[in-house]
Amino acid sequence: MFDFKFLKKSTSTEQKGEKDKEYAFLSAVLSIIVGLLVAVLLLFVLEFAAAESDFSKPLLGIQKYFTYTFTSSTTFTKIFYNAAPLMLTGLAVGFAFKAGLFNIGATGQYTFGAFFAIVAAILWQAPWWAALLLSIVAGALWGVIPGLFKAFFNINEVITSIMLNWAGLYLANLLFYNLPQMHTVLPNRSDSLRSVNPKAILPDFGLNQIFNTSYINIGIIIAILVAILIYIVLEKTVFGYEIKACGSNRNASLYAGIKTKSTIIYTMLISGGLAGLAGGVVYLAGTVEFTVQSNLLAMGFNGIPVALLAYSNPLSIIATSIFIGFLESSGSGLQGLYSYEMTSVILSVIIYFSAFALIVGHFIKKTLKRKRDKESILEEENLIVDQNDNEIKQSEDEQLDEKGVVK
Amino acid sequence: MDIFSILVSKTIVYAIPLLLGALAGMFSERSGIINIALEGIMVFGSLFGALFLTRGIMDSALAASHPQFVVFLAILVAGLSGGIYSLLLGFAAIKLKANQVISGTALNIFAPAFAILLAYSVISLGVSSIRLPRGIVMSPEIFGLEIANIPRWLYTMVFSSLYLTTPISIIILIISFITLYKTKFGLRLRACGEHPQAADSVGINVTRMRYTGVFISGILAGIGGLAFAMANGSNHEPDVLGYGFLALAVMIFGNWKPFKILFGALFFSLFKTIAVFAATLSFLPSFGLNKVDNLYKTLPYIITLIVLAFTSKKSRAPKAEGIPYDPGQR
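Residue numbers (this note's numbering), protein chains in the order written: chain C, -1 to 405; chain H, 6 to 335.
Be careful, since some hints might not be right.
List of simulated lysine-lysine pairs, DSS-like, C-alpha gap at most 27 Å [to be verified]:
| # | chain 1 | residue 1 | chain 2 | residue 2 |
| --- | --- | --- | --- | --- |
| 1 | H | K324 | H | K262 |
| 2 | C | K259 | H | K187 |
| 3 | H | K189 | H | K296 |
| 4 | C | K363 | H | K262 |
| 5 | H | K102 | H | K187 |
| 6 | H | K318 | C | K367 |
| 7 | H | K100 | C | K363 |
| 8 | C | K257 | H | K102 |
One-sided excerpt, in silico: chain H residues whose CB lies under 7 Å from chain C [claimed, not checked]:
| # | residue |
| --- | --- |
| 9 | V13 |
| 10 | L67 |
| 11 | S70 |
| 12 | F74 |
| 13 | F77 |
| 14 | G208 |
| 15 | T316 |
Treat the hints as calculated values from the structure; they're not laboratory data.
Each residue gets a CB set at the ideal place from its N, CA and C atoms; glycine is no exception.
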């Protein structure tokens, strides 16, 4: 009897870990549903504010939003085209989160990576893989600066990376203006890779021609492989362990003999490299050219929600980035009805709710657990009652037997 | 002399939103809540303030007779809308003990998107810029002065491009200094940011203090947003171009102290103004580069970084910022 009970207990604790993951997933789904509902609600409220209210418009908008991506191969492949850089910037932000650092400078690193990928492709006529490597190096070099400032001067990485975002933007613009070979056609736009150096465009294995789009390339495959690599680094290596230890308690890990300064520097180096790679993947796709910017590029900031929604888990980042890629591709479906920004509204509501969805999840877990405890107590009581009954029965039987024997 | 006057006035104009934003961040962080949502709150304040100026009562008789009073009302609207919006952060961070950076980021993403959606549906599709009315500059007439009696340099420095937000933000600066260091409330607020458990043990309501801190922060950031909108020109896109994040940097630069924040905002703004006018300032070398103004545009950021590296030893953030208050840890 006792052995059996013990076994039952141990299996329930093993299941607990899986249940935690289940709740995280559940709360993510919950916040996504709430995000979509709030967005729909907002559409109706805005319709009230509009000069001419037409309540069929939001309904049409919702319908368009969810069917748009499946209308053509271009809109469908755009999901993955959007997802690749989102995944990489999400990994950049999430990887830094693991070490307790908030890399808000992903957009600067992304810009730098993009710029040097284009420089390699146009000025040095490099093949695509070499240009991608250079984009990693450029992003890493720009990303390591906040790490150095954090490690040696203990300056908050948020402020340094905000400063470096703008400094990087203007520096890239300055370099661009002073490399006239890069923009022979238009003064503000780099020459098209298709005409200048076609072998710098990411390979698509002829799939673009088959499906009649220009948005298929190996970027998404590279991004997924990198995500798996980051997962292995974080979960299966000593370095990953040190990063996570550093993130949960820097002083304790220093006390335990981890070199926290170099961990911070390496983390920011890798994080910057990932963001730089995202820039390379976008600008080597052959669909956009590098243009002089007056404001920070949004893509670097979009990595933040990806990482937050995935709780910085590299494998979950694959899923969330594809989901957000879908939302972004759908956003274009609203053109003419609403603005493209609807996607950002949905995204922000999802993130807002995901911030405390985990707490709601824990609350549900607690109440369920209380219920289960009550039930188990009841069960135990029943068991004891059963036992007593059995014992009584047995003793009665024995007595009967004895009596029988006696008889 | 003329260019000098312009530099001074532009420096002040750009410093005001930074000052207000940084003071906003200070109030929130001193109470223990990291307010990374400054950018979003500023966008919200600028949106409603600017909408009030154009759509509200700008065409009414009141606007014709007392334009500065209307601007004052717009400042109130901007502050109030920023304050209300910031309560979303307070609710998530204080009541639900959520991660403050995450909920702040959510507010940052929501605000500009909502601003554009609202501008689309209120104004018209495809046009998201809000046209600010003329006549909101502080003109000499409201002080009873005549233009002819004022020296030209003083006119360019003060009366051509300064708005009502400028004197108001100076007053706000002084009031915030007094509130933070000379009143019971300020002491309690700072205690909540340093050691909320100790504050609670002597009977201070940490939850209420933190809500107040975040609400004040929202009001100031909202006004800062409107200040940015008015400084940025007559056609206002509902966006503050990263000024919320810069304000965060100025706050850290100013070491969470009001007058150091003023210095930081002016310092940063001066270099930004020089960068903007780099093309017209003939004494700046061009180093033989094309479009050298881009080099000067990097200067404010790089100089701030260098200064930070040298002054980092003295930097002291509120100890309990970013940590949800847990009475069980007392």
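- Task: Enumerate the violated hints, using their earlier numbering and listing them in ascending order.
- Result: Of the numbered hints, 2, 3, 4, 5, 6, 8, 9, 10, 11, 12, 13, 14, 15 do not hold.
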